[in-house]
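Asker: If you're matching them up, the sequences are chains A and B in order. Quick note: the first sequence, position 412, residue 412 per my numbering, numbers continuous. Quick note: the second sequence, position 6, residue 6 per my numbering, numbers continuous.
One or more hints might be untrue.
[As the list claims (entries may be wrong)] Below, in silico cross-link-like pairs of lysine-lysine (BS3-like), each with a Cα-Cα straight-line distance of 30 Å or less: (1) A:Lys135 with B:Lys44; (2) A:Lys135 with B:Lys256; (3) B:Lys256 with A:Lys122; (4) A:Lys6 with B:Lys44.
[What the hints assert, rightly or not] DEER-style ranges, computed between Cβ atoms: (5) B:Glu338 with A:Ala217: 18 to 26 Å; (6) A:Thr310 with B:Asp50: 47 to 55 Å; (7) A:Ile95 with B:Asp50: 57 to 65 Å.
Since the hints were derived computationally from the structure, they do not count as laboratory data. Everything numeric in this text was worked out from a predicted model, so none of it was measured. Glycine included, each C-beta is placed from N, C-alpha and C at the ideal position.
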Amino acid sequence: MHESVKKELAAIVGPERATSRPEDLVAYSLDPHIEEHRPDLVLFAVTTEEVSAIMKVAFREEIPVTPRGSGTNLAGEVVPIMGGIVLALSRMDRILEIDPRNRIARVQPGVINYRFQQEVAKHGLMYAPHPSSWKVATIGGNVGTNSGGPRTLKYGVTRDYLLGLTAVLANGDVLKTGGKAIKNVTGYDLTRLICGSEGTLAVVTEITVRLIPKPKASRTIMANFPLLEDSSDAVAAIIGAGIVPSGLELMDKVVISAVEADARLGLPTDVEAILLVEVDGDPEGLDLQVRTIERILMENHSSRVLVSRTPEEADKLWTARRNAVSVMARLRPNTSLEDATVPVSNLTEMIRKTVEIGRKNNVQIGVLAHAGDGNLHPLVLFDQRDKDEVRRVEAATEEIFREALALGGTLSGEHGIGRAKARFLPMELDEVAMEVTKCIKKSVDPKGILNPGKFV
Amino acid sequence: MFAEPIKEDLHSCLKCAMCQPVCPTYRVTRMERNAPRGRVQMVKKYLEGDLSLSGGLHDALMTCILCEACSEACPSGVRLDRVFENIRMELYEKFGVGLAKKALFAALKHPLLLRLGAGMGRLGQRAFIAPLNLGWKMGNIPLNRLGRFNSTSFRRQIGEVVPAVGKRVARVVYFTGCATDLINEHVGRAVVDVLTRLGIEVVIPQDQVCCSVPVFLSGARKEALPNIEKNLEVLDRSDADAIVVDCATCGGGLKKHIPYLMEDLGLETDRARRVAAKVRDVSQLISEMMDKLPLASASSGRTVAVTYHDPCHMVRSMKVSKEPRTVLAALPDIRLTEMEGAGECCGGAGSFQFEHAELSAGVTSLKKQNIRATGAQLVATGCPGCMLTLSGNLYEESDPLVVHTIELVAQRIKKE
Ligand SMILES: Cc1cc2nc3c(=O)[nH]c(=O)nc-3n(C[C@H](O)[C@H](O)[C@H](O)COP(=O)(O)OP(=O)(O)OC[C@H]3O[C@@H](n4cnc5c(N)ncnc54)[C@H](O)[C@@H]3O)c2cc1C
Ligand code: SF4
Ligand code: SF4
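So that you can see chain A by itself, here it is in the shape it has in the complex:
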C-alpha cells in the first residue's frame, strides 16, 4: 500500500484511530484460527460516514478490507490473508435505542452481546441469539457469522431476529435494508443475505433487532447414559414429544472424564454420554414438562436422572458444560473446535464415526454437541509444533467433514467457513450453488476487495 494512500486513509479517522505499527499489525493478524497474516493498516471507524469514506478509497485503490468485531470466530474469518486494511468496528459500540413497546432495539456493530443482554434485561426482555462467546463477541460479528449457541434449538439463530441493517458496500455506497416492522416482504431479503456473509458482501454499521420477553423460569435436568445410542434416541424422543428445550447438550466419555478430573462434580466416568436438558417458560408449565422429560429419559435407559432443585445447582451443571472446552484445551497446547452438523437422527452415527476417525488417525478427540440441533463440536487436541501431528489432525478433520456431508449434514452449523473450511466448500455446495454465490459476490463487490481469500 502506498504511503500516500495510507495517509489519506488515516486522515479519515485521525491519527489516534489509525495504525501501522508492527505490533498492532501483529495483534490484528490473527483470530483463534491457526493461520495468520498481517494487514498493512488497521483503522478503527466509529461512524457510517467514516466507513463509507474508507471504502471509497479502498475501492478506488483496490485494497482488501477485512471487517472485524472482537475476532473470536473460529474459522480465520478476520485474518487479512491478502493484507490491506483491517477495519475494526470494536469502538463503534453504542446502543442507539431500546424500544420496549415495539420490542425492538437498534445497535452499532461493536456492541458486545453480553452488554446488550444486560441492558434489554432491564426491560424484562431478551435478545435470543446467545453464543457461548457472548461476553466477548460483538453483535456485528454475530451478524457476520449468523451466530447460534446453546439456545438455538428453541430460539433460532441471529438471522431470525434481524429486522434491518445499515451496511456499507464495497464502493462506499450506504445500503439500508429492512426496517422496524416485524413483517416485511418487500423486495429480496437483503438483510438475511448479508447475515452470515462473513464480511464478504458489506460492512454492517447499524443493526435493528427484534427482542422477546425474557422467560420467567428455567429448569435443568441431567441424565447419564451407559450407551451412546440411548442418549441420542432420548434426544429424538424429547423433540418428538413436542417439547422444545431451550438447551439440549451432550458430552461424550472423553469430555466427561476431563471435566470430572477438573471440577470433581461427581460426574460418572463409566457412562458413554451425559445429556443436559434445559426447559424455560412460565413456572406453572415447567413442572409438567420436567416430568415428561424425566419419563422419556428413563424410558430410553438413562441410568440416572437428576433434576436441579435450585438455580445454583443448575448453574453448576451449565458452568461445567461451558468449561468443558477450556478443560479439554488445557490437556494439550492447541485445540481445534470443529463444527460439523447433521440431522438429529444421525447424531449417534456421527459421534461414533468421529471417535473412530480420531482413533484411526491417532488424534485425541472429545465430542461435545448441541445435541438438539445435531450440531457436533468435536474438540481436536494437538501441538502445533509437531508437524506430523498437525498433518494427522488435518486428515482427521477432513474425514469428519466428509462423514458429516455423507450423513446429510453440513460443514458448519454455526462457526462459518472462513479460511478454515474454504477448501471444503465445493464439497457441500454444488456447481449451481457455487455459481450463484459467485454471481452475488461479483455484483456487489466487483473488485473482490471485501474480506478476500475466504469462502468466495
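For chain A, the structure is supplied; the task is to place chain B with the ligands on it using the hints.
Answerer: Same frame as chain A, now just chain B with the ligands:
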C-alpha cells in the same frame, strides 16, 4: 532472560479472546494493543523473532495494569501475569524508566533516603499550601487530596514489640509497608490496636525495608533483589505465627510475586516460599477470631452503608476476598452493600495513574460509577494504593469517604 517454563505458556494461547472482557484497559480503548490477547501474542512474536523490542512493544506492555484479571479468566491456563513480568524485565533493560521513577526506585531502595524524601514532602506540603488549593493535579488526582505525610516514621513511633492486651494467644510479625510507615499512620495504629486487643503480640521489625513490588513489577527485577533478600532475612528469622500485612501490594508481593521472581531468575526459592506461606492479610487473622473481638454494642439508627473494593493484589495475588467482607458484615452499625464489579481494578496501580493518566481515568471512571451506584457512605478496601486512587478521584461532596477495612474495625471495638 525470559524464563523458559513461562515461554511454554505462550504456546498454550488459543487466541480465543476469552481474556478480553475482563481487561480494564481493553474496556477503555477497545484496541488489541491494550488487550491481553494482543499483548501475549506480541510477546510470542517477539520471542519468535518476528517483532523487535520496540517502542510500540514497550507501550503495549507498559499500559497493562498487571491486574491479573486475564490470568484468572484464561481457560487455557496461560499465566499472563508471569509472561508480562518476564517481558517487562527485558523492556526495562533496554528502555529503563523515566527520571521520576528512577528517583522513586532509589528512594525505595534506601530507607534513609525514603524518610528524607517524606520529610521534604511534608515540608513542601506545609510551605506550598496555595498550589494545593488551586486545583492543580498530579495525574487525575487534585494535589490537595494526595494525603499528608506522617510526622515521623510509624515504625519508629511504635517500636519493635507491642505486647498483647491480656493473655497472649499468638505472636505475629507486622510488615508495615511504606504507605503505613510514611503516610497512613492511622492505619498502622488501627492494626496494632485491633490485633493486641485480640491477644496478639505484634512484632514490628525495625530493619524491614520496602517490599519493592513497584520496582520489580516495572521490570527492574534485579534492582529489587537487595530489598527482597533483606526482607526475607528479616521475616524468616522470626518464629512468629504469621506475617501480617495491611497492604495488598506488599502481601501479594510476598505471597506470590517474589517467589515467582526468584524462580524466574533461577534463584533459591525455599526461603521465599517459607515466608510466603506465613503471609496473611490482617482481615484474615481477624475473621478467624471474630468471636474474640470486643465489639462495641450497636447504637440504634446510626447504620452506615459500606461497600468493599477488592484490590487486585488482594483478590487475585493473595486470593483473599471473603474475609474482609466477613469482618465488615459483623461490625455494629454497618450495612455491607456489594457494588457491581467489586473485583475490578480501580485504575490506580501505583505510578500507572500518573504515567498513563488518560487510560487510568477511563478505568477509574467505571469504578466510580459502580461505587456511586451503591449509594454507600463509605468505601472500605485493603490497599493504600487503592485508597489513594479512590479518595483522590471521589471528590464530589456526595461521594463516599474511603477507609481501610481495619480502621472501621478499630473504631468499632469497645474502648479499653
Ligand atoms: C470459546 C468460544 C465459543 C464460541 N461459541 C460459539 C457459539 O456457541 N455459537 C456460535 O455461533 N459461535 C461461537 N463462537 C464463534 C464466535 O464467537 C462467533 O462467531 C461470534 O459471532 C463472532 O463475533 P466477533 O465479534 O468475534 O466477530 P469476528 O470474529 O471479529 O468476525 C466474524 C465475522 O464477521 C465479520 N464481521 C464482523 N463485524 C462485521 C461488521 N460490522 N460488518 C460486516 N462483517 C462483520 C468478519 O469479517 C468475520 O467474517 C465461539 C467462539 C469462541 C472462541
Ligand atoms: S484467554 Fe488465554 S488462551 Fe484465550 S486468548 Fe487469552 S491468553 Fe490466549
Ligand atoms: S493484567 Fe489486567 S490490564 Fe494487563 S492485560 Fe491482563 S487484564 Fe489487561
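Asker: Confirm or reject each hint.
Answerer: Against the structure, the hints:
no.	hint	result
1	A:Lys135 with B:Lys44	holds (25 Å)
2	A:Lys135 with B:Lys256	holds (29 Å)
3	B:Lys256 with A:Lys122	violated (40 Å)
4	A:Lys6 with B:Lys44	holds (27 Å)
5	B:Glu338 with A:Ala217: 18 to 26 Å	holds (24 Å)
6	A:Thr310 with B:Asp50: 47 to 55 Å	holds (51 Å)
7	A:Ile95 with B:Asp50: 57 to 65 Å	violated (38 Å)
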